[in-house]
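Number of protein chains: 4
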Amino acid sequence: MSDIRVTVWGEFRHEKDSSHESSRVYPDGMHTVIAKNLNAMPGITARTATLDEPEHGLTDQVLAETDVMTWWGHMAHGDVDDRIVEKVVKRVWEGMGIIFLHSAHFSKPFKRLMGTGCDLKWREADEKARMWVVEPGHPIAAGLGNCFELDKEEMYGEHFDIPKPDALVFITWFEGGEVFRSGCCWVRQKGRIFYFQPGHETYPTYYDPTIMKVIGNAVRWTAPRPCADVQYGNFQPLEEIKKK
Amino acid sequence: MSDIRVTVWGEFRHEKDSSHESSRVYPDGMHTVIAKNLNAMPGITARTATLDEPEHGLTDQVLAETDVMTWWGHMAHGDVDDRIVEKVVKRVWEGMGIIFLHSAHFSKPFKRLMGTGCDLKWREADEKARMWVVEPGHPIAAGLGNCFELDKEEMYGEHFDIPKPDALVFITWFEGGEVFRSGCCWVRQKGRIFYFQPGHETYPTYYDPTIMKVIGNAVRWTAPRPCADVQYGNFQPLEEIKKK
Amino acid sequence: MSDIRVTVWGEFRHEKDSSHESSRVYPDGMHTVIAKNLNAMPGITARTATLDEPEHGLTDQVLAETDVMTWWGHMAHGDVDDRIVEKVVKRVWEGMGIIFLHSAHFSKPFKRLMGTGCDLKWREADEKARMWVVEPGHPIAAGLGNCFELDKEEMYGEHFDIPKPDALVFITWFEGGEVFRSGCCWVRQKGRIFYFQPGHETYPTYYDPTIMKVIGNAVRWTAPRPCADVQYGNFQPLEEIKKK
Amino acid sequence: MSDIRVTVWGEFRHEKDSSHESSRVYPDGMHTVIAKNLNAMPGITARTATLDEPEHGLTDQVLAETDVMTWWGHMAHGDVDDRIVEKVVKRVWEGMGIIFLHSAHFSKPFKRLMGTGCDLKWREADEKARMWVVEPGHPIAAGLGNCFELDKEEMYGEHFDIPKPDALVFITWFEGGEVFRSGCCWVRQKGRIFYFQPGHETYPTYYDPTIMKVIGNAVRWTAPRPCADVQYGNFQPLEEIKKK
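Residue numbers (the numbering used here), protein chains in the order written: chain A, 1 to 244; chain B, 1001 to 1244; chain C, 2001 to 2244; chain D, 3001 to 3244.
Same shape as in the complex, but just chain A (with noise of 0.2 Å):
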């Protein structure tokens, strides 16, 4: 089996902004540290792209080699073009998985195949966050424990406005006493979408071991696999119908 080919896309703005303190804690972007730590593990692939490169990255080339995107997103939301944007859509829609990362719930992508306003609350208060495990049995919770924790996380709370998701795998505790539906699937027409909360961009999130299996557990979820065929339109009746 060859491996997953996953794009990493990044923002990369905040980054390039030596006033930001994440420009301390990603020097080389977000993506960069995404993109190795998956490198890392077995039968995955890793490539990056980023949002102020022509097409962002994503050329239609890059779009077909493509078998699971990661998507972060924060300030400049507005900048991405609404025609990459369409054939991300499309290819999520053929098979092609995709996890969207902390702020991309903001993300034209997400909020496109979502359907609803995607908004919460949010605090940025250096609160820890501890993430349950309420699907023990799905595939992106494979090997962890009753929870795993991140010392400082960006709060994000309830409500989050979101069509149900088929599969509520993570739920967040923050200290400050918020909750929220942290690790979130769905699946559209063939494609397996993954929501997962935690990656401020002054927090080194993307370091942290468990952080990177269970996007790496998603990665592999949310991969593209042998489907139905599905046909549209006009349609006639089938022979052996027709013959009776």
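Just so you know, these hints were derived from the structure itself, not from any lab.
Keep in mind that the hints are not guaranteed to be accurate.
Below, in silico cross-link-like pairs of lysine-lysine (DSS-like), each with a Cα-Cα straight-line distance of 25 Å or less [stated by the list, open to error]: (1) K2111(C) with K3152(D); (2) K1090(B) with K1128(B); (3) K2152(C) with K128(A); (4) K3128(D) with K2111(C); (5) K1111(B) with K87(A); (6) K2128(C) with K152(A).
Please build the complex by placing chains B, C and D on the supplied structure of chain A, with the hints as guidance.
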């Protein structure tokens, strides 16, 4: 309790074309038949709006005064102004009910709310359609038997490219050999959405009392009701917690 | 419209034990407090039934006259007669609503209806519990804010071993670091089921107006309503089809 | 990776009755045909067990060595020992996959796992059954077309009294006018459950390559896989929190 205020939206193009069969079945438009039938139901007051009116008949005031909208469109989905679509979608998120009828599966607001391609198989062949109740306890099925029928309907067949319904109320059997999830419910934030398959423009579907009973039930089920408050954005810890 | 007839079922053992704290909090039993509060709500008439009455107070007549049952049990789940359990379960399938409170997660009728082990984590440590609304449009959340609190509750933590809820209305944050799906809905045939976590026997939970508001909302949501007819067994082709 | 170990459980009563048509279709029992076909698939090793063996062939050792069980029963559901049923159900919760075939909808372990009545409509009339794929991306639909057919099957019709499936993979169209949710998935704790409608004892259904392809896919989908740890019961606050 005051009446549920319904706006019956109709594309109203086929019916104005005297060469089209639907001009004989619905000489004043499908929307007038639907609205008349709804107005005969206790607790419901219906008005109409159509594509070729200014702002498609969906001014801010009309939208503000609408509890539930029904939507039928077919040949002119592309003529619906995107700004109106966004207003309709926003109203749904805020709690306005919406019922998509038949070929509205390809309408802009339905596709926008679903986040999927919404495609399906179809065939115009005067086929019997039998709708089976698969969630007998659902309010939209109230008062029905095991199933109900239309002597002739356009066939719509699976795969129907939608998000998994939050409730699947009806599955239709078509004479020519296909099946279709013909009565589907979704909740999106505070709004309730129902898709109902029957209603090809050349058949007298909306004169059928059982079809209208279902639509009436759906008006009642999708109507806005008291909700919890929702707050989004930057959120400070609640005082009780702060004090600790 | 006539009142919703509620039977508040209570195990009523802890409260009769004068050495037990709950005998001070609920000297006449939790069930009497719940019933009194429900009786103060318009459109609801509540009576009580307890374990140590003949047939646990759930005679065929009582069951036939019950629209919605609430169930609280803890130390004596095993003393509930399996024949009564089967009668209760059958009534739920036929349309009787049922609300399981707190430790009723391990009651016989809940386990029977869920088909799972229904286990969870727990801790008695006087911890604050904050219940967040995650489906603000659900009728059980009507009139609530973003969240509501109890100053002290028993901690119940994930993983909660239940089938995926048809609707997840509340998630609770516990002071000690856990989360719990504390308001869960299921539909089983014509019957509606709600599980609600608060209600440890040593805390005055059922005197709390918001808790009772939720239970009142749940009574209204689980109450029987008109359904479609359901027919099972050997089934001949419908005449319309036969004739072809 | 070692083979998935399947135990094909068959009631094996009809087939031993020489006056019954199934004794001609399946002279050595349905279970032997299913097991033989599964053994021809790469990565699967199947054995059989039947009702009239000691402990129905399901000793503790057999259960411990079973990754996935398939279950067919019909006339003798009541002869299955409740203690064996409980052991099977417990194994499912722990992660053993289980596939219920045809009339096993009324088997003890299926009813126990569902918590519903599991009733349906039926008719033996040599009718064509056409199974449509409604979740084309589901692994159980891998490699199929839009639909597949059986020339003759027993009709099973809605309403099928089950909990809403976590995934609905197939809906069957029956020649005589009915529809049926014929391929349904549920997750219960760590275990995966699939119900598949085809397989009346007087038709050669389990010789059909497409039917067996679906069952093979279902074996792979229900097979146990790495999970998160689950801990239940009295739970002390995690140290990290305690220290605060």
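Outcome of the hint check:
1. Proposed proximity of K2111(C) and K3152(D) is contradicted: the alpha carbons are some 39 Å apart, above 25 Å.
2. With a C-alpha separation of about 37 Å, the suggested pairing of K1090(B) with K1128(B) is violated against the 25 Å cut-off.
3. Straight-line distance between C-alpha atoms of K2152(C) and K128(A) comes to about 22 Å, which keeps the hinted pair within the 25 Å bound.
4. For the suggested pair K3128(D) and K2111(C), the alpha carbons sit about 39 Å apart, so the restraint of at most 25 Å is broken.
5. For the proposed pair K1111(B) and K87(A), the alpha carbon gap of about 16 Å is at most 25 Å, so the pair holds.
6. For the hint linking K2128(C) to K152(A), the alpha-carbon distance of about 22 Å falls within 25 Å, and the restraint holds.
The structure shown violates the earlier hints numbered 1, 2, 4.
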